[in-house]
Amino acid sequence: MANTLNILLAGFGGQGILFAGKTIAYSGLLDGKELSWLPSYGPEMRGGTCNCSVVLSDESIGSPLVTTPDVLIAMNRPSLEKFVDKVVPGGTILVDSSMIDIKVERTDVNVYYVDATKIADENNMHSCAIIILVGKMFKELGFCSKEALDGAIQKVIPPKKAAMLELNQKALEIGQNA
Amino acid sequence: MAEKVLMKGNEALAEAAIQCGCRHYFGYPITPQTEVAAYMSKRLPKEGGVFLQAESEIAAVNMVLGATSAGVRAMTSSSSPGISLKSEGVSYIGGSDLPALIINVQRGGPGLGGIQPSQSDYWQATKALGHGDFQLFVLAPSTIQEMVDFVSLAYEVGEKYRVPAMILSDGMLGQMMEPVEFPQKKDEPAAEKPWATNGHKGQRKKNIINSLYIQPEELENLIKERYERYEKIKAEEQRAEEFMMDDADVVVVAFGASSRVSRSAVMQARAEGIKAGLIRPITLWPFPDKTIEKHVDHTKQFLCVEMNMGQMVDDVRLVVSGRKPVSFFGRTGGVIPTPAEVLDEIRKLAGKEN
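In order, the protein sequences belong to chains A and B.
Just so it is clear: in the first sequence, position 139 is 138 by numbering that gives the first Met the number 0, and no numbers are missing.
Just so it is clear: in the second sequence, position 106 is 105 by numbering that gives the first Met the number 0, and no numbers are missing.
Derived from the structure by calculation, the hints contain no laboratory data.
Any given hint could turn out to be false.
Straight-line alpha carbon distances no greater than 27 Å define the calculated DSS-like cross-link-like pairs of lysine-lysine that follow [claimed, not checked]:
id, chain 1, residue 1, chain 2, residue 2
1, B, K3, A, K160
2, A, K85, B, K347
3, A, K159, B, K3
4, B, K274, B, K231
5, B, K126, B, K3
6, A, K154, B, K45
7, A, K117, A, K160
8, B, K223, B, K126
9, A, K159, B, K41
10, B, K41, A, K154
11, A, K154, B, K3
Please read all numbers here as calculations on a predicted model, not as lab measurements.
Put together the whole structure using the sequences plus the hints.
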């Protein structure tokens, strides 16, 4: 498939999985790409495991359900264990190593370990760990333009939560330097 | 051009209905449809409309019956088990020759089933959503943009022929987000509704909305007249999309969510040199038999892909009438088939098993 990026974000409910997926989706919208965003729904939202499929593409998107991701962002160990073998060869895995104490054994994928939750806590941005990983993903894959990424984070934070904007912008920056 | 926004399918359905002039929504929450009601509860009061969470699905659909009798654009939405509850009221709406918009964001069944996406209400929507001789105009969107576009189509066709309309969605389309654009508002005069019970200050003969006819001949004549309208709908309102059908040997037939999966599989099959194509029914009733018929002679076989145990495949077989093989592949219970699974089926049929 020409220029299609299948992204899967996975972790616990409450880690901002759907929010981070929305940030990536909006960056695609601002770049004028085709995109889809599909959450897992139901009991997952109440603190169980949660995941979100995002597809960015130059052509219209078939299945929005990502079963073999090009990129996996794993925010807890069960999610990494569940999806590590589904990532396509040559794909990318971003691991929050504060939350996950195992390493990826596969050698045919690119793995980036970021102490995201610890860094977020140290910077008083407790819910922003996954946004640090989105910043890292941008640095390594350049999945969108810089303008789109900056615009996306402004789009996803509603006006009544404006105070969170600066924190998330900082988290993106930390990720890009990680 | 209006700005593209990201919206969940459920929210897009609700916003589209408001933009079509729907000011009367009656519903009851159920996963995975609840965002329709939630969105309506936020927006409708600001538009001078009525949002009402009824005490049950049965109450909600009967409120729709009342509102549409008075000539306004009314709507209700639910998911599979809730639609079963509404079926009595839908039959009354059909039997009273009233338009109304009913949305089913399908989940796994039967019974309480599950909450994950499904297409197992195809039979219910197209054959018997309630008792008696009647049909609904049934649309199956496959993108969030179609969710928006089909709301106005459902109202327009429903009002033109005085039949209830259903948008048959599912949990995947309801929950997912895609870029969507709302059309510029049209300032068209609303369809004339001389039958509406909307008050007349003694200026005209009174209208009666009713579905009770004690004399068999009277009821038979009424139903025959209704079926003449159904024939017109069959002749004029069939819709389907054809994708890579010019030289297709293996024709996949799929609607809604499973058509998206099938489209990916067809493209992968083409990349492998298999001449695959896709027919996507957009109207499920009337079933687009003209589109299927057009391709029966010059194709080798058909494959129906559905998120159920095989329901639409009946309608495909009726059209094909044994002239070509029609096979079926499905996942059910809330499982979404993958493009790889569908591709495998296409390979088997094309005689190119890997």
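Structure-based check of each hint:
1. The suggested pairing of K3 of chain B with K160 of chain A holds, with an alpha-carbon distance near 23 Å, which does not exceed 27 Å.
2. Distance check on the hinted pair: K85 of chain A and K347 of chain B sit about 24 Å apart at the alpha-carbon level, within 27 Å; holds.
3. Between K159 of chain A and K3 of chain B the CA atoms are separated by roughly 22 Å; this keeps the pair inside 27 Å, and the hint holds.
4. A C-alpha spacing of about 35 Å is found between K274 of chain B and K231 of chain B, which places the hinted pair above 27 Å, so the restraint is violated.
5. With a C-alpha separation of about 37 Å, the suggested pair K126 of chain B and K3 of chain B falls outside the 27 Å cut-off, and the hint is violated.
6. A distance of roughly 24 Å separates the Cα atoms of K154 of chain A and K45 of chain B; the hinted pair therefore holds under the 27 Å criterion.
7. Among the hinted pairs, K117 of chain A with K160 of chain A is consistent with the structure: their alpha-carbon atoms are about 23 Å apart, no more than 27 Å.
8. Pair hint K223 of chain B plus K126 of chain B holds up; C-alpha atoms about 17 Å apart against a cutoff of 27 Å.
9. Annotation: proposed proximity of K159 of chain A to K41 of chain B holds, straight-line Cα distance about 16 Å (limit 27 Å).
10. Of the supplied pair hints, the one linking K41 of chain B and K154 of chain A holds, its CA atoms being roughly 20 Å apart against a limit of 27 Å.
11. Restraint check for K154 of chain A and K3 of chain B: satisfied, since their Cα atoms lie roughly 13 Å apart, inside the 27 Å limit.
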